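Enquirer: Sequence:
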Amino acid sequence: MKAVLWEGRPGHVSVRDVPKPQIKKDSELLIRITTAAICGTDLHTYHGIFGADDIPYILGHEGVGVVAEVGKDVTDYKPGDRVIVIAGEGFEPGETAEAYGFGDILGPNIGGLQAEYVVAPDSGILRRLPSGFDDELDYVLLSDIFATGWWSISQTGFEAGDVVAVYGAGPMGLLAAYSAILRGASKVYSIDRIPSRLAKAKEIGAIPIDLSKGLPSEQISKLEPNGVKRVSDCCGFECVNVEGKPDEAFIVNDAIALVSAGGGIALTGVYWAAKPSKGEPLISLARGHIQFDIATWWLKNVSIKGGIVNLGVDPQLLALIQSGKAKPSFVFDRIVSIEEAPEAYEAFNERKIQKAAIRFFP
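Residues 1 to 362 in our numbering are what the sequence shown spells out, letter by letter.
Because the hints were derived from the structure by calculation, they are not lab data.
A hint or two may mislead.
[To be verified] Using 30 Å as the maximum straight-line C-alpha spacing, the simulated BS3-like pairs for lysine-lysine come out as follows:
no. : residue 1 : residue 2
1   : Lys352    : Lys325
2   : Lys222    : Lys187
3   : Lys20     : Lys78
Since this is a predicted model, take the numbers as computed values, not measurements.
With these hints in hand, go ahead and build the complete structure from the sequences.
Expert: This is the structure:
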């Protein structure tokens, strides 16, 4: 089968023929992937700063597909069922994590979803696609970034009517802003420096804030003198400052300056540090620690939460898509074949596209 591989070369991914995975345990299911997506987290790997040492491995953690085969202990799915494949599970304390697309960096290597087939370790990592669905592009985002964006807003302590600011208007940042809008935010500010992203944020009803024009905290405070109640960081450790230079501490400090007393900040973008390895040869570019204004944070009595997301799909998100109230697929602007995946990665990295889906045809 064909698959997109990370081979430890920053700025490069490869499409290779690899052995089709086989069911080895009675609890496993073989899934034929029909649509996968390239996520912003995949770019951390593409940059050589987030990856497992045991290379090569298959990339991708957003996908939907069809059950092709089931182990004898599987009773809740059968061949032909359409499913959402969740990016991972077992991220709660004390559990063993299993995540697609990252090799063995977070737990056992269970493969990746940018491939024609993948094995699901058990049915718990799957969600059934509703009957009569219109577009896989809406549902593939429930593998990760729509659920993640929704979760990020929840982590801020959000309540309907709150004013929200989201750092980053990439796909996940847009879906965090979209989630806040769907949930009744009075205003949502979307912060980025890429004009096309800011334009997309405006299209969905957010107020665009151009990072290149100055500190977001200062720009927004002119409009919101009391600050904003909820702040979501959807950039993480590869964030840049006003000058466009890498600065891991920038968002945390600007968010503390921006958030109002008693508010909440969610650090949902990846923050990572490790020793250089074959899978992350440039990880030394990430410091893994920051300095922040603890006095202001303490005086404001602000909650800061972060960590790996609980990726269980909220039934509410499925219902919102089914009812037509939510259509998260607006973040896609490129659909490619698997052979075109390397070019899609390059375009995504250069901010020439918003988000790409990989379609697999029988």
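Enquirer: For each hint, tell me whether it holds in the structure or not.
Expert: Against the structure, the hints:
Proposed proximity of Lys352 and Lys325 is supported: the alpha carbons are some 28 Å apart, at most 30 Å. Under the criterion of a C-alpha separation no larger than 30 Å, the hint pairing Lys222 with Lys187 is consistent with the structure, at around 14 Å. Taking the CA atoms of Lys20 and Lys78, the gap is about 19 Å. The hint holds against a cut of 30 Å.
Checked against the numbered hints given earlier, the structure satisfies every one of them.
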